[in-house]
Amino acid sequence: MSFAGLFPPATRRYLVTSAVSAAFYVLSIKAISWGQPQLSGPVLWGAILVPALCIAVQLWATLRLMAQVDEFMRALLARRFIIAACLAFIVASTWGFMETFAQVEHMPGFMVYAVFWVAFCLVSPFIRTSH
Amino acid sequence: MRNTLKVLRAERAWTQNDLGERLGVSRQAVNALETEKHDPSLDLAYRIAALFDLPVEAIFHNPHRPVDQA
Chain H
1 MSFAGLFPPA TRRYLVTSAV SAAFYVLSIK AISWGQPQLS GPVLWGAILV PALCIAVQLW
61 ATLRLMAQVD EFMRALLARR FIIAACLAFI VASTWGFMET FAQVEHMPGF MVYAVFWVAF
121 CLVSPFIRTS H
Chain D
1 MRNTLKVLRA ERAWTQNDLG ERLGVSRQAV NALETEKHDP SLDLAYRIAA LFDLPVEAIF
61 HNPHRPVDQA
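Heads up: the sequence lines are chains H and D, in that order. If you read the first sequence in full-length UniProt numbering, its first letter stands for residue 1, the second for the next number, and so on. If you read the second sequence in full-length UniProt numbering, its first letter stands for residue 1, the second for the next number, and so on.
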């Protein structure tokens with residue numbers, strides 16, 4: 001079965017957009033890490049905006065998927081999204097308290113996004129009803 | 001929400017996919033309705049009722065209506 005026949009159009013658009021944004025995200029981080037000693041000023045700031053834009057595109061694709069699937073899938077995705085976001089907030093703020101008061105190692109702020117998706121994957125098997 | 005969707009579907013020898021296509025929802029949504037994992041929106045409930053040519057409450061049990069009035 002082809003890729004086109006395997007998924008409904010909305011899911012297909014989501015997967016393609018996600019794959020492209022993830023590829024640009026990884027490549028831009030690699031490029032910035034590699035070029036950081038030479039980059040400065042507006043070029044550096046512009047380069048930093050590329051992975052940030054990839055995250056925005058990925059979130060937009062997820063919200064667009066929610067708008068395009070049927071009501072049951074929308075409810076499932078929304079519940080998973082909200083609970084994963086809550087878990088990411090909890091992890092990030094708890095880590096922040098630990099950094100401030102217990103001198104644990106610093107966690108870069110951009111890791112919150114990865115924590116969110118890990119949480120999304122972890123909660124998804126347990127959220128199978130819309131109520 | 002208790003319902004007779006599975007019976008109505010079986011009477012017509014439709015698969016969950018068949019019913020989903022007729023209603024414009026996914027097979028997973030039909031399965032979720034039949035297994036009471038999803039309460040339909042009013043719009044979807046009306047679409048289901050129209051498809052089977054039955055009143056909504058003949059398909060979906062109304063938990064708020066006293067038994068003697070059902």
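Because the hints were derived from the structure by calculation, they are not lab data. Check before you lean on any hint, since a few could be wrong.
Stated by the list, open to error - Chain D regions said to be covered by chain H (calculated; three or more residues, Cβ under 8 Å): (1) 17-27; (2) 55-67.
Claimed, not checked - Sample of chain H residues with no beta-carbon within 10 Å of chain D, all distances over it, derived: (3) Pro8; (4) Gln58; (5) Thr62; (6) Val69; (7) Met73; (8) Ala75; (9) Trp117; (10) Ser130.
Every residue gets a Cβ at the ideal spot worked out from N, C-alpha and C, and that includes glycine.
Structure-based check of all given hints:
no., hint, verdict
1, 17-27, "holds (count 3)"
2, 55-67, "violated (count 0)"
3, Pro8, "7 Å, violated"
4, Gln58, "23 Å, holds"
5, Thr62, "17 Å, holds"
6, Val69, "7 Å, violated"
7, Met73, "6 Å, violated"
8, Ala75, "7 Å, violated"
9, Trp117, "22 Å, holds"
10, Ser130, "4 Å, violated"
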